[in-house]
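2 protein chains.
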Amino acid sequence: MTDTTTAFDPTEFRKALGAFATGVTIITTRTADGTPLGLTANSFNSVSLNPPLVLWSLANTSGNLEAFKAAPNWAVHVLASDQEALSGRFARRGEDKFAGIDVDTGAGGIPLLRGCTARFQCKTAFQYEGGDHIIFVGEVVAFDRADSSPLVFHGGKYAHAAHRDAGAKPRNPYLAGGFSEDFLGYLLGRSHFQFFGQIRPLLAAQNLTDEEFYILSALTLKEVVTADQMHEGMSNVIDENGSTAIEALVLRGLVRNVFDINGKSAYQLTADGSACALSLITAAKSIESQLLAKLGDGEAAVLKSLLNRLLNSIDPNANSLWHQSGI
Amino acid sequence: MTDTTTAFDPTEFRKALGAFATGVTIITTRTADGTPLGLTANSFNSVSLNPPLVLWSLANTSGNLEAFKAAPNWAVHVLASDQEALSGRFARRGEDKFAGIDVDTGAGGIPLLRGCTARFQCKTAFQYEGGDHIIFVGEVVAFDRADSSPLVFHGGKYAHAAHRDAGAKPRNPYLAGGFSEDFLGYLLGRSHFQFFGQIRPLLAAQNLTDEEFYILSALTLKEVVTADQMHEGMSNVIDENGSTAIEALVLRGLVRNVFDINGKSAYQLTADGSACALSLITAAKSIESQLLAKLGDGEAAVLKSLLNRLLNSIDPNANSLWHQSGI
Chain H
3 MTDTTTAFDP
13 TEFRKALGAF
23 ATGVTIITTR
33 TADGTPLGLT
43 ANSFNSVSLN
53 PPLVLWSLAN
63 TSGNLEAFKA
73 APNWAVHVLA
83 SDQEALSGRF
93 ARRGEDKFAG
103 IDVDTGAGGI
113 PLLRGCTARF
123 QCKTAFQYEG
133 GDHIIFVGEV
143 VAFDRADSSP
153 LVFHGGKYAH
163 AAHRDAGAKP
173 RNPYLAGGFS
183 EDFLGYLLGR
193 SHFQFFGQIR
203 PLLAAQNLTD
213 EEFYILSALT
223 LKEVVTADQM
233 HEGMSNVIDE
243 NGSTAIEALV
253 LRGLVRNVFD
263 INGKSAYQLT
273 ADGSACALSL
283 ITAAKSIESQ
293 LLAKLGDGEA
303 AVLKSLLNRL
313 LNSIDPNANS
323 LWHQSGI
Chain E
3 MTDTTTAFDP
13 TEFRKALGAF
23 ATGVTIITTR
33 TADGTPLGLT
43 ANSFNSVSLN
53 PPLVLWSLAN
63 TSGNLEAFKA
73 APNWAVHVLA
83 SDQEALSGRF
93 ARRGEDKFAG
103 IDVDTGAGGI
113 PLLRGCTARF
123 QCKTAFQYEG
133 GDHIIFVGEV
143 VAFDRADSSP
153 LVFHGGKYAH
163 AAHRDAGAKP
173 RNPYLAGGFS
183 EDFLGYLLGR
193 SHFQFFGQIR
203 PLLAAQNLTD
213 EEFYILSALT
223 LKEVVTADQM
233 HEGMSNVIDE
243 NGSTAIEALV
253 LRGLVRNVFD
263 INGKSAYQLT
273 ADGSACALSL
283 ITAAKSIESQ
293 LLAKLGDGEA
303 AVLKSLLNRL
313 LNSIDPNANS
323 LWHQSGI
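Just so you know, the protein sequences line up as chains H and E, in that order. Heads up: the first sequence is residues 3 to 329, going by the numbering used here. Heads up: the second sequence is residues 3 to 329, going by the numbering used here.
Just to be clear, a hint being listed does not mean it is correct.
If chains are identical, the list can't say which one is meant, so a pair holds when it fits in one copy or spans any two.
As the list claims (entries may be wrong) - Simulated pairs of lysine to any residue, SDA-like, Cα-Cα distance not exceeding 25 angstroms:
| id | residue 1 | residue 2 |
| --- | --- | --- |
| 1 | Lys125 | Gln200 |
| 2 | Lys159 | Ala207 |
| 3 | Lys17 | Asn52 |
| 4 | Lys17 | Val143 |
| 5 | Lys287 | Gln196 |
| 6 | Lys287 | Gly110 |
| 7 | Lys71 | Ser315 |
| 8 | Lys159 | Gln292 |
| 9 | Lys287 | Glu213 |
| 10 | Lys17 | Thr284 |
| 11 | Lys159 | Glu213 |
| 12 | Lys125 | Leu313 |
| 13 | Lys296 | Glu68 |
| 14 | Lys296 | Ser315 |
| 15 | Lys287 | Ile103 |
| 16 | Lys266 | Asp184 |
| 17 | Lys125 | Arg166 |
| 18 | Lys17 | Ala277 |
| 19 | Lys17 | Ile316 |
| 20 | Lys17 | Ala127 |
| 21 | Lys287 | Arg16 |
| 22 | Lys125 | Ala148 |
| 23 | Lys17 | Asp149 |
| 24 | Lys287 | Ser89 |
| 25 | Lys296 | Glu14 |
| 26 | Lys71 | Pro53 |
| 27 | Lys159 | Asp106 |
| 28 | Lys296 | Leu39 |
By construction, these hints were calculated from the structure, which means they are not laboratory data.
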């Protein structure tokens, strides 16, 4: 940051405000005639513990302003990371926002949305002037909470939050000019091999190598794979083109040679191969679930998302495993 | 979340409020006699665009309350992800918080901290009652911003934020019982091999395998490594124990056999090996930097942090590469 201040450009001011990360909330109320109302807001924050007060702001130009000014009660829903679509729905105008949504009924008959990470049922305490917005301060009369990861908004975009971990710092110091455990290549290599270290006993029990497992797994995705597709697809996940591994699988009767509709040499799982692959995949997924549960829901989603983005940044045109075949 | 509401337990209420993610700010001002003051707050939020207003809340019990009530100006600093220590410093009482910190001087002589992701210089517009807090609303008279990733607070802990990416969804559908590109093992394997795909041309130019590169790199961390340490350390990053790779490096004069102080068989880089390793590491780090720059600062930090946590969750007692030797 430079020491000079920026002249007042509304776009720049919005960008600067967007540098402050927030959760995302939906605020609901009902009109005097019982019509449910709701809107998305990220201007929420806590104010006071005793009495329990929270606040949020609403633009003077909002079509919902009069209803909220008149409402004795409203509810704040702090959205979970899987509620981005709900956030979008309540951010748009004119839609019947509650259509098809199951709601609970809270204090004052306010509609309460489900699946949020926290909900605060409030009665209006104060309404304060805030320039082109009104600041609504509510006293919390009831609340509930779930242990889900939050939806985050930052820089005008939705984001994930992942807790920092004091133990996650690289344990090896960064030696002058040398290698470090913070090097991404090391982290990826070690994660890859340690992850497969969990799965390898399952493979060993079936006398399968990592590569053979990759090939069997990949073949569950597509009935017939040509030799060319196999070599191209496999080059993304194993060091060599997999020929030896495929031959071994054919010899064991888990994969068979076939011809595709164009008469090209291709591979297909046998019934035994399919059974073997599916039982291993089920077991591997169970191991994956246990590991990801230790990491936490939100963190697991973030890790997968970032690995996908890393892959895209390494090769934006990279095919997915069988992308060329339209799957 | 169940539909039942929780009885009013202060700890539970704090937890529910903590479900709303926030950025972290430091608010500064100066007393009438010019003493700089500052405190950490996450109760900040934007209020109005025209006029430009922001707000934050301060406890009635704060020792700084009277100073802020009397101050015509104050400044909000939205902290960047690398400012966790600064956040902690300004959250503690009694410390000379500004000692040794370079500050700029803003409107009204307010001290401005550096390295933040956004700064808002404000004059007090309103002070509103907010239960056990006062809500300070300020008119922004100047601001600046930097493109750094934000420090985030959620669930009582510091967090990273990583933007979601619409393109990051797995492209292969999840087939019944089958493999999927969302499977962590696939993502790790593919990331690992694609990352090394960037580095491999460098290795090929030196006629080195991935394993040989790992060993050379690891040997830059520690002068003498016993055979046992090597095999144990390498089992974390390569499939086999690395014996063949080490022998090849010895034959090429990049590594030599030595004895450690206990007379055990050990390995050490030769001058050629050291030069070769350092030039490759420099090039590999440059490739890493380019990839991580595409991913973004915050995202890169989150990815590394999550991979470290994944490693810890796979094996909480896992040694780092040469952990047993006290490095």
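Index of numbered hints that the structure contradicts, given in increasing order:
1, 2, 6, 7, 10, 11, 12, 13, 15, 16, 17, 18, 19, 21, 24, 27, 28
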